[in-house]
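A.B. asks: Protein chains in written order, with the working numbering: chain A, 1 to 390; chain B, 1 to 206.
Mixed in with the good hints, there may be bad ones.
[As the list claims (entries may be wrong)] Label pairs and their calculated CB-CB ranges:
1) Gln76(B) / Asp162(A): 27 to 35 Å
2) Ser83(B) / Arg317(A): 25 to 33 Å
3) Ala106(B) / Gln223(A): 29 to 37 Å
[As the list claims (entries may be wrong)] Anything over 10 Å on all C-beta distances counts as not near chain A; from chain B, calculated:
4) Leu22
5) Arg44
6) Ala65
7) Cys73
8) Lys93
9) Ile96
10) Val128
11) Ala132
12) Arg136
13) Asp138
14) Gly139
15) His155
16) Thr160
17) Ala176
[To be verified] One side only, chain B facing chain A, incomplete, derived with CB under 10 Å:
18) Leu6
19) Thr13
20) Lys15
21) Ala18
22) Leu39
23) Ile113
Think of the hints as simulated: they come from the structure by calculation, not from any bench. Computed from a predicted model, the values in this text were never measured in an experiment. Yeah, the Cβ is synthetic: ideal placement off N, Cα and C, and Gly gets one too.
For reference, the chains in residue letters:
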Amino acid sequence: MSLFDAAPFSAPTGPVVRAVHDDFHGDLLEVSMGPHHPSTHGVFRMNVTLDGETVVKLKPVFGYLHRNHEKIAENTSYLSSMPYTDRLDYLCSMTNNWAYALAVEKLSGQAVPDRAEYLRVILAELTRLLNHTCLAGFLLQDGGASGTPLMYAFREREKILDLFESLSGSRMMCNFQRFGGCRTDAPDGWLAAARRLVDGYGGFLDEFERLLTGNEILMARTQGIGRLSAKLAVSAGVTGPMLRATGVAYDLRKVDGYGFYPRFDFRIPLGADGDTYDRYMVRVLEMRESIKILQQALRDIPAGPVMDPKARLRGFRPKPGEAYGRIEGPKGEIGFFLISEGGPSPYRYRVRPPSLINLTILEDLCLGHSIADAVVILGSIDIVLGEVDR
Amino acid sequence: MFGTGLLQGLAVTAKNFAGSFLVRERFVTTQYPEERTKLPEAYRNFPFLVSESHDDPLGTLRCVACQICEKECPPQCIYIEKSRDKKPDANGKMQIYPAIFDIDTAVCMSCQICVEVCPFDAIKMDQVFEIAVTNRFDGLMLDKHALAKPNEYFHSIHPTEAAEVDGRLAASRRAAEEKARAAAAAKAGAKPAVPGPPPPTPGAQP
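Throw the hints in and build the complete structure from the sequences for me.
C.D. replies: Structural data, given as structure tokens:
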């Protein structure tokens, strides 16, 4: 059977929820975990029903960080929405910018110069390194390894953020991509600094893996925990490393071949079990592939302009029509759907947030595991609440 | 053998612990108020208004109150009122100027879009980050007195961009002068006068 066969969404196959009270067991305990709980990665709430320490029911509650992003975008110009996309997934502003720019470029039929395409690939892969490094650190933090791996991860993240700051002026809210290219060219010495960072990153990953991958405590906490089946992942629309950890080879960099990705030689790491450990391993291996892409891109990047000379910032009115621009963000498929009626602002603007859609299967992953594992599972899904709630 | 992974991990943390005392390139902490790291040239936080003269920053603002930045600002933090009279700008052309130019930095999200859309290179991003105030309403509302800063200051924080802007402005000034000369020559030849130079095209800024 192909993994992509349309499977009807089936009810979760966790343990049967027993009656609230019977003579043999005590009461079930309902816990409202969050929204102000340090392990929920932001303002996220889980209504967990517990039998002892075992999760028997879990209801994710979100919307605490809702900022009306999509409706605001329908009332401002195309350009004015760009800085808001930084604030969706605030760890990965570069990929959010790219997805939005891609959607608008599709809508208006805008071309992008070669150097800008290379720069976009470089920035997207740096973002992937940054996101996965942070995630691996946070995963251990959720497991109870207070501090150490997270500090190592943040030390390396800071180096990438320094690169982003010297390029775009801001560490996290980059607001760097534009319709038809990138805002500015890389300053003198930037590419050399990026090369130095990329060359050193493999060494850091080796060290990080020595600390984590063979660690017996980590293995005990993650192997066999939160197992996701390929069938459920595909039918629930899960994308990104979550999906690939279940063994489904689906990566938009290969499937869509957007940007200049077909020019680069890289492989797609896949997991086998779909458990938390696989999700961690897939991300680590993906970082190694990202390093390969970065080395090729930094070697081949051509000289030239980074902005299409015909591109316009203001008075930008695409022809009536619709477009969906999607890229493989670090968390999964991040897409922007736009409908233009020929006006200065989109008639409809919709974000496809990978965090939200990956989060929908949280209950299926957590049923039957202990409450402490639910925290690790939530960490391995890799959500950013700015994107879930928008 | 069970535990080897743990021991390996401990070796890594031990190495990092020792390294944080011994390895030179890992001494990254800056003792902030006494020492400062150099900000990258691209660093931005809040906008300021560029004026030509150091002596009279308010009188020589490049801003002509066209209100493009006010319209494009995503969080709508700029408020401009046009003047009723006109003053000569750097090219000697009579222009209106902003009677009121307010930026509410409590609302501003430092996105730099006002800078990109400005056709006159009149608004640029500042690098001052020590702006804590005790009054969050009036203290964070910057009027044009607080916003106006001379071009030399712009050169001191963004040298590359400032040099490029100066070159562009000088070129447009030369073009304007040539056009005026051509117009004068044409007038002398009893032909209808050519209208004044158009402003630089919007969106031409990289």
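A.B. asks: Against this structure, judge whether each hint is valid.
C.D. replies: Structure-based check of each hint:
Here the CB-CB span from Gln76(B) to Asp162(A) is close to 32 Å, well matched to the stated 27 to 35 Å. The hint said 25 to 33 Å for the Cβ distance between Ser83(B) and Arg317(A), and at roughly 31 Å that hint holds. The hinted window of 29 to 37 Å between Ala106(B) and Gln223(A) is violated, with their beta carbons roughly 49 Å apart. Residue placement check: Leu22(B) keeps its beta carbon more than 10 Å from all beta carbons of chain A (closest about 16 Å).
For Arg44(B), the requirement that its beta carbon stay farther than 10 Å from each beta carbon of chain A is not met, with the minimum near 4 Å. The claim that Ala65(B) is not at the interface with chain A holds, since no C-beta of that chain comes within 10 Å of its own (minimum 17 Å). Interface exclusion of Cys73(B) from chain A breaks down, the closest Cβ pair being 8 Å apart, not more than 10 Å. Against the 10 Å criterion, Lys93(B) stays outside the reach of chain A, whose nearest CB is about 22 Å from its own CB.
Consistency note on Ile96(B): stated as away from chain A, and its beta-carbon is indeed over 10 Å from all of that chain's, at 20 Å minimum. Non-interface status of Val128(B) relative to chain A is upheld: no Cβ of that chain comes within 10 Å, the nearest being about 14 Å off. No Cβ of chain A comes within 10 Å of the Cβ of Ala132(B); the nearest lies about 19 Å off, and the non-interface call holds. The claim that Arg136(B) is not at the interface with chain A holds, since no C-beta of that chain comes within 10 Å of its own (minimum 21 Å).
Every CB of chain A lies more than 10 Å from the CB of Asp138(B), the least distance being 26 Å, so the non-interface label holds. Listed as a non-interface residue, Gly139(B) keeps its Cβ farther than 10 Å from every Cβ of chain A; the least gap is roughly 23 Å. Once the 10 Å rule is applied to beta carbons, His155(B) is consistent with being away from chain A; the minimum gap is 17 Å. The Cβ of Thr160(B) does not lie farther than 10 Å from every Cβ of chain A; its closest approach is about 7 Å, which violates its non-interface assignment.
Once the 10 Å rule is applied to beta carbons, Ala176(B) is consistent with being away from chain A; the minimum gap is 22 Å. For Leu6(B), the suggested interface contact is upheld, since its CB lies about 6 Å from the closest CB of chain A, less than 10 Å. A least Cβ separation of about 6 Å between Thr13(B) and chain A falls short of the 10 Å threshold, and the interface hint therefore holds. Taking 10 Å as the C-beta contact cut-off toward chain A, the hint placing Lys15(B) at the interface holds, the least distance being around 8 Å.
For Ala18(B), the interface hint is violated, since its Cβ never comes within 10 Å of a Cβ in chain A; the closest pair sits about 14 Å apart. At a threshold of 10 Å, the smallest CB-CB gap from Leu39(B) to chain A is about 9 Å, leaving the interface hint in force. Because the closest C-beta pair between Ile113(B) and chain A is about 6 Å apart, less than 10 Å, the hint holds.
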